[in-house]
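Peer 1: Each chain is listed here by its residues.
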Amino acid sequence: MNAAELIASGLLEAHVLGEGSSEERALVERMAASDHSVKTELDAIELALKQYAFATAVEPPVRVRASILSAIGAEGSKVIPMTAPKAGVGSRTWMVAAAVIALLCSGAANFLLYNRLHQVNDRLADLENERAVMADQMQVQQTSMKQTQDQLAVVFDPNKHIVPLAGQVIEPKAAARIFMDPATSEVYIDVLSLPKPPTGKQYQLWAQVDGKMVDAGMLDVADNGEQLQRMKTMPNATAFGVTLENAGGSQVPTLTELYLFGQVG
Amino acid sequence: MEDPGQSLFEAVRRGDKEAFAKLYDRYSAALFGVISKVVREEVRAEEVLQDTFLKIWRSAASYDPSKGRVFTWMLNIARNTAIDVVRSAEFRTSAKIQGLDAHVYRTGGDELREQTDHIGMDRILDGMSLEQREVIDMAYYQGWTQQEIAERTGLPLGTVKSRTRAALGHLRVALKDHR
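Going down the list, the protein sequences come from chains A and B.
Per the numbering used here, the first sequence starts with residue 28, numbered consecutively.
Per the numbering used here, the second sequence starts with residue 1121, numbered consecutively.
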């Protein structure tokens, strides 16, 4: 292979990139030493790669420089032998004793603090429970209070008509009051005294409108008489009556079972 | 052959740390550019750059001036170190896991493009044929040897060599014009 063939072969490029078999490398080196054109070509290829590298340079982060230089500094520095500090046997013993005592104290303190931490954590959990229970109770109280306030608002509303319902023959001790709002025709019943209805039976409120008895709603079976109960809205009611009916109510009042009655106004 | 880095490198060979710092300042960006094309994960590339310069420091005495420029010697250390990292099984696994990072870093190549734009490198590269660019990219960006490029492309080794040569020839002419 002559110089021109070598130059054309691509072996020189491979050589510059550190590639090629050992025979190829030896060949290139031999020919570069003997032939000036090969040497010149090699130089030109090296220069091109160098220029290419500089043309596509990327600045590395500063930290890499510091890291490399410190690694170099560490490599070049002399090893400093470790020398034990000079101390008498007595003072050394005292130092050990002091260290042991300090360690024991530290351990005891840790133990105490750890226990204390547990106690505090437990107490905190208890308090959190108590707080949650109180919050629940508070909610119940607030709901109850709101109901009471609503009822008081009805009872103490000066615009409400109060219609007393009197016990009839079947139960003369029975008593209740109707609160009626003339503006909105809202109707509330406040049961003062009524016998507990037998199983399967329920009290029903009736309103007299234009001479007819109209269903005004069922009284809550569970109602123990302490609650003011909102009934159906009844415009133009002239009288109210309560009868005992089968649970769920009837279309027409069973007048033989009339417990309460009262005229409006 | 007059290499301005030669005297600086002589000082490094004698163990001059200040000279080594100067050597780093002068060549780290060029070598990092080459490394970054091979190792596309930034942290890894930084590690390779560090390894490269530590190798340069430790083996400076083994550099033989008769065999080529200092820069070529350093360039090949950088390239080989980078290629070793890319080819190690460990890196392959982590490259899969960190595929997203690699992708992000690759888009970071735009930064590189800006630099090359600055000197018109893109125009220079555009002037090359697709085949020439392929071999240059494989040799540079992926760090493949000519033998491996031949295996991967299915081209005869001779063709790869002549294309590499043509591509580098093109580079040489373009860079000369540019100066």
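Since the hints were made in silico from the structure, they are not lab data.
Just so we're clear, the structure is a prediction, and the values are computed from it rather than from any experiment.
Keep in mind that a hint or two might mislead.
[Stated by the list, open to error] If you only want the chain B side, here are some residues facing chain A, beta carbon under 7 Å, derived:
hint : residue
1    : Gly1125
2    : Arg1134
3    : Ala1149
4    : Ala1150
5    : Phe1152
6    : Gly1153
7    : Val1154
8    : Ser1156
9    : Gln1170
10   : Lys1175
11   : Trp1177
12   : Ser1179
13   : Ser1182
14   : Gly1188
15   : Asn1196
16   : Lys1281
[Unchecked claim] Some but not every residue of chain B turned toward chain A, in silico, with C-beta under 8 Å:
hint : residue
17   : Gln1126
18   : Ala1141
19   : Tyr1183
[To be verified] SDA-like mimics (lysine to any residue), calculated; alpha carbons at most 25 Å apart, straight line:
hint : chain 1 : residue 1 : chain 2 : residue 2
20   : A       : Lys66     : B       : Ser1127
21   : A       : Lys239    : A       : Arg204
22   : B       : Lys1187   : A       : Lys239
Just so you know, even glycine gets a beta-carbon here, dropped at the ideal spot from N, CA and C.
Peer 1: Quick one: which hint numbers does this structure break? Sort them smallest to largest.
Peer 2: 1, 2, 10, 12, 13, 17, 19 and 22
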